[in-house]
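Colleague: Here are the chains, one letter per residue:
Protein chains: 2
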Amino acid sequence: MTEELLKQARSAHEAARILKTCSSSQKDQALTAMAQALRERQEEILAANKLDLEQGKEQGLGSALLDRLALSEERLCGIATGLDELAALPDPIGEVSGMWKRPNGLEVGLVQVPLGVVAMIYEARPNVTADAAGLCLKAGNAVVLRGGSEAIRSNLAIGKVISEAACEAGLPQGAISVVQNTDRSLVAELIRLRDYIDVVIPRGGAGLIRTVVEGATVPVIETGVGNCHTYVDKDADLKMALEIAINAKVQRPGVCNAMETLLVHEEIAPKLLPTLGAELGKANVQLRGCSRACQLIPAASLATDEDWAKEYLDYILAIRVVSSFDEAIAHITQYSTGHSEAIVTENYSAARRFLAEVDAAAVYVNASTRFTDGAQFGLGAEIGISTQKLHARGPMGLTALTTTKYIVYGNGQIRS
Amino acid sequence: MTEELLKQARSAHEAARILKTCSSSQKDQALTAMAQALRERQEEILAANKLDLEQGKEQGLGSALLDRLALSEERLCGIATGLDELAALPDPIGEVSGMWKRPNGLEVGLVQVPLGVVAMIYEARPNVTADAAGLCLKAGNAVVLRGGSEAIRSNLAIGKVISEAACEAGLPQGAISVVQNTDRSLVAELIRLRDYIDVVIPRGGAGLIRTVVEGATVPVIETGVGNCHTYVDKDADLKMALEIAINAKVQRPGVCNAMETLLVHEEIAPKLLPTLGAELGKANVQLRGCSRACQLIPAASLATDEDWAKEYLDYILAIRVVSSFDEAIAHITQYSTGHSEAIVTENYSAARRFLAEVDAAAVYVNASTRFTDGAQFGLGAEIGISTQKLHARGPMGLTALTTTKYIVYGNGQIRS
Numbered sequence: 000m001t002e003e004l005l006k007q008a009r010s011a012h013e014a015a016r017i018l019k020t021c022s023s024s025q026k027d028q029a030l031t032a033m034a035q036a037l038r039e040r041q042e043e044i045l046a047a048n049k050l051d052l053e054q055g056k057e058q059g060l061g062s063a064l065l066d067r068l069a070l071s072e073e074r075l076c077g078i079a080t081g082l083d084e085l086a087a088l089p090d091p092i093g094e095v096s097g098m099w100k101r102p103n104g105l106e107v108g109l110v111q112v113p114l115g116v117v118a119m120i121y122e123a124r125p126n127v128t129a130d131a132a133g134l135c136l137k138a139g140n141a142v143v144l145r146g147g148s149e150a151i152r153s154n155l156a157i158g159k160v161i162s163e164a165a166c167e168a169g170l171p172q173g174a175i176s177v178v179q180n181t182d183r184s185l186v187a188e189l190i191r192l193r194d195y196i197d198v199v200i201p202r203g204g205a206g207l208i209r210t211v212v213e214g215a216t217v218p219v220i221e222t223g224v225g226n227c228h229t230y231v232d233k234d235a236d237l238k239m240a241l242e243i244a245i246n247a248k249v250q251r252p253g254v255c256n257a258m259e260t261l262l263v264h265e266e267i268a269p270k271l272l273p274t275l276g277a278e279l280g281k282a283n284v285q286l287r288g289c290s291r292a293c294q295l296i297p298a299a300s301l302a303t304d305e306d307w308a309k310e311y312l313d314y315i316l317a318i319r320v321v322s323s324f325d326e327a328i329a330h331i332t333q334y335s336t337g338h339s340e341a342i343v344t345e346n347y348s349a350a351r352r353f354l355a356e357v358d359a360a361a362v363y364v365n366a367s368t369r370f371t372d373g374a375q376f377g378l379g380a381e382i383g384i385s386t387q388k389l390h391a392r393g394p395m396g397l398t399a400l401t402t403t404k405y406i407v408y409g410n411g412q413i414r415s
Numbered sequence: 000m001t002e003e004l005l006k007q008a009r010s011a012h013e014a015a016r017i018l019k020t021c022s023s024s025q026k027d028q029a030l031t032a033m034a035q036a037l038r039e040r041q042e043e044i045l046a047a048n049k050l051d052l053e054q055g056k057e058q059g060l061g062s063a064l065l066d067r068l069a070l071s072e073e074r075l076c077g078i079a080t081g082l083d084e085l086a087a088l089p090d091p092i093g094e095v096s097g098m099w100k101r102p103n104g105l106e107v108g109l110v111q112v113p114l115g116v117v118a119m120i121y122e123a124r125p126n127v128t129a130d131a132a133g134l135c136l137k138a139g140n141a142v143v144l145r146g147g148s149e150a151i152r153s154n155l156a157i158g159k160v161i162s163e164a165a166c167e168a169g170l171p172q173g174a175i176s177v178v179q180n181t182d183r184s185l186v187a188e189l190i191r192l193r194d195y196i197d198v199v200i201p202r203g204g205a206g207l208i209r210t211v212v213e214g215a216t217v218p219v220i221e222t223g224v225g226n227c228h229t230y231v232d233k234d235a236d237l238k239m240a241l242e243i244a245i246n247a248k249v250q251r252p253g254v255c256n257a258m259e260t261l262l263v264h265e266e267i268a269p270k271l272l273p274t275l276g277a278e279l280g281k282a283n284v285q286l287r288g289c290s291r292a293c294q295l296i297p298a299a300s301l302a303t304d305e306d307w308a309k310e311y312l313d314y315i316l317a318i319r320v321v322s323s324f325d326e327a328i329a330h331i332t333q334y335s336t337g338h339s340e341a342i343v344t345e346n347y348s349a350a351r352r353f354l355a356e357v358d359a360a361a362v363y364v365n366a367s368t369r370f371t372d373g374a375q376f377g378l379g380a381e382i383g384i385s386t387q388k389l390h391a392r393g394p395m396g397l398t399a400l401t402t403t404k405y406i407v408y409g410n411g412q413i414r415s
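Going line by line, the protein sequences match chains F and U. What the first sequence shows, in numbering that gives the first Met the number 0, is residues 0 to 415, in sequence order. What the second sequence shows, in numbering that gives the first Met the number 0, is residues 0 to 415, in sequence order.
Please keep in mind that the hints were generated in silico from the structure rather than gathered at the bench. Honestly, I wouldn't trust all of these hints.
Just so you know, same-sequence chains aren't split out, so a pair can sit in one copy or run between any two.
In silico lysine to any residue, SDA-like type, Cα no more than 20 angstroms apart, as pairs [as the list claims (entries may be wrong)]:
#, residue 1, residue 2
1, K238, W307
2, K100, R351
3, K100, A350
4, K238, I413
5, K49, I413
6, K270, R40
7, K281, S415
8, K49, R152
9, K309, L155
Small disclaimer: the values here were computed from a predicted structure and weren't measured.
Just chain F, same shape as in the assembly (with noise of 0.2 angstroms):
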């Protein structure tokens, strides 16, 4: 354990206690401060980041990678307009979800409380250091934060600006830290440290995710691992189903909720496939397909095993023709990774069916995977999609960040 860790998630535990007591209007301003700051001291970040983008070429990053990791004044601008608009953003904190009398007069209520310390766990992204510290504080969390080495000047000077905002806005210091040294045997402690973080939330690829599960012993929020199906039903409108294919594949391929495998009715298969394969074919999606769908697109390759639980994140695409409804639920449930799955029907039952019998954070009828999103669902700022089932699924938005105690008022009540 390095010393400069603990002491930073000490000092973050400590943070966590003041914070839970401050204001709405106390972590509003600071995080109107923390944006102003943004917008004032773009100098300084991007000149950090400057010298990320500089290393990311002599190590060779890919273009997408480094598209990531720049910075601009226009990005830090959305970042800091992302900040104000958390602020304008309700407080979930103190709110009484229920308050009942018991028979023997005690009072038992159920209030909105912080999760205390979150860890931050990401990859390549800067804008995470900003949008997940204003997340964190808006609920009265402190955050730790531990993005990617690529993005590690960035990140620190993102979070010196916002952090020194905070702290002259009257937060508790603390409450903001970048860790600093991104060995990765530092995050194999920082996800042990059960006396001073309270939660951990990975986001990144499916080895951030793996890697984090199974060293954690702080409990976990798991991100973002999304292996997305769409059904295309026999009853489905042949145009809705062609236009929601190409835009869950295609309008942007490297995220989480766009669709990885196509599963088609052989009824409906005929008539879509050959259309379907050439649009797609135009937009660059190299394709693979059972040996049904090959018939009916002479581009495509022979899918193997591996392509049916493959998230490609890119301009790939598995296509499987299916002889029944029960057989795309039966690929689905031994392929999806509870992420967002779709089917294009005019069926009212068949509608029906998949909403109740597929098992994932976010279940679709008749509309594009691509909408599993905080700001798509009217959230408000989202700070991870959750593929687990304990505690938050789906889109995390404020009230993911935050926790539940019983606050029970009596005159003396003695069990008996």
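Place chain U on chain F using the hints.
Modeller: Here is chain U on its own, set in the frame of chain F:
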């Protein structure tokens, strides 16, 4: 991995797929049938229990443990009545807690669904086998039950009776299963079966909980460890403080919501402690005090730092005199396990600050900590008391055994 355990987990996983589509009346009929079977097949359960008790005596188990292990006609009827009461409770599954329309016409709703497969890991009480199975089933979950080796014959007998009754009532095979092999290494395997098990709930002593938290990759809900405090403020009603302190310690010392440390403000200590010391002495409670407490209670021995951290679960109480409200809060912050904490005071601001600043599942003003319990809080039956912050906190009723999923109704929406 034993083949047997893997088979059980797979079978539970398959059963969960069917259970989640069972109607409330199917589940309730099964619960009623299980209760009826427990009444009708008492003899085979009591015979198995007798063998467990004989073995326990041979192995020299203490009387408290033997009492927990013992079943009787009366206790079995109590368990059966519990299942009947469960059948009468409302079904949490399928409740749509909200549905809203987005600007693009998408309708997004949030529906309560089962967790899937729950693994319960517990110790010597065979009643948990039926209670936990009933609660899990009512919430649409399959359950894998792994009780202690002392109770294995009783658990298998109860498991056989209730799972046969559930199957005859139309629930799937595998919905309820008891792990036969009580070898400890199997627990380590069970809590890593992420493909088949959705949540692990350990219920027992601190050692069991630690083992599960350390070894699990399946998400865990921690339960039960309670180092509970009562703080008698300077402005407390003396008679009320006396009654609450005695009740919280003596009424049932072996359970997690019993008081383990009493904190007393120095201004009221000379009035409270001599009387309280005498009363607790009469009740055979051993007292361990700070030096000031020992001056006021001659029978008390000097407490060590270990006493402040200890969950005695016995007729022992640690007592500390504090100079201020803040000192009391600091002590609780340092030693609390986040279970139940109480203040006795007539002072409005002290009560308000205590409720706000103490971080625990249940925080009390002027009542005994012994009330932290599902039935006492009016939640109906309870599967345990969560001392963690994720998912559920405090007494866990049926809702704690569910999760949510987003259901999204569209008419062709794609994302731009």
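Colleague: Take the hints in turn and mark each one as holding or not.
Modeller: Verification of the supplied hints:
1. K238 <-> W307: Neither, since 25 angstroms and 70 angstroms both go past 20 angstroms.
2. K100 <-> R351: The answer is between: 19 angstroms across copies meets 20 angstroms, while 39 angstroms in one copy does not.
3. K100 <-> A350: Intra 42 angstroms, inter 18 angstroms, cutoff 20 angstroms: inter-copy only.
4. K238 <-> I413: between (68 angstroms within a copy, 12 angstroms between copies)
5. K49 <-> I413: neither (65 angstroms within a copy, 36 angstroms between copies)
6. K270 <-> R40: Neither. Shortest intra-copy (57 angstroms) and inter-copy (60 angstroms) distances fail the 20 angstroms Cα cut-off.
7. K281 <-> S415: Between copies only: 19 angstroms across, 76 angstroms inside.
8. K49 <-> R152: For K49 and R152, the Cα distance is within 20 angstroms only inside one copy (9 angstroms; across copies 68 angstroms).
9. K309 <-> L155: Classified as neither; 34 angstroms inside a copy, 41 angstroms across copies.
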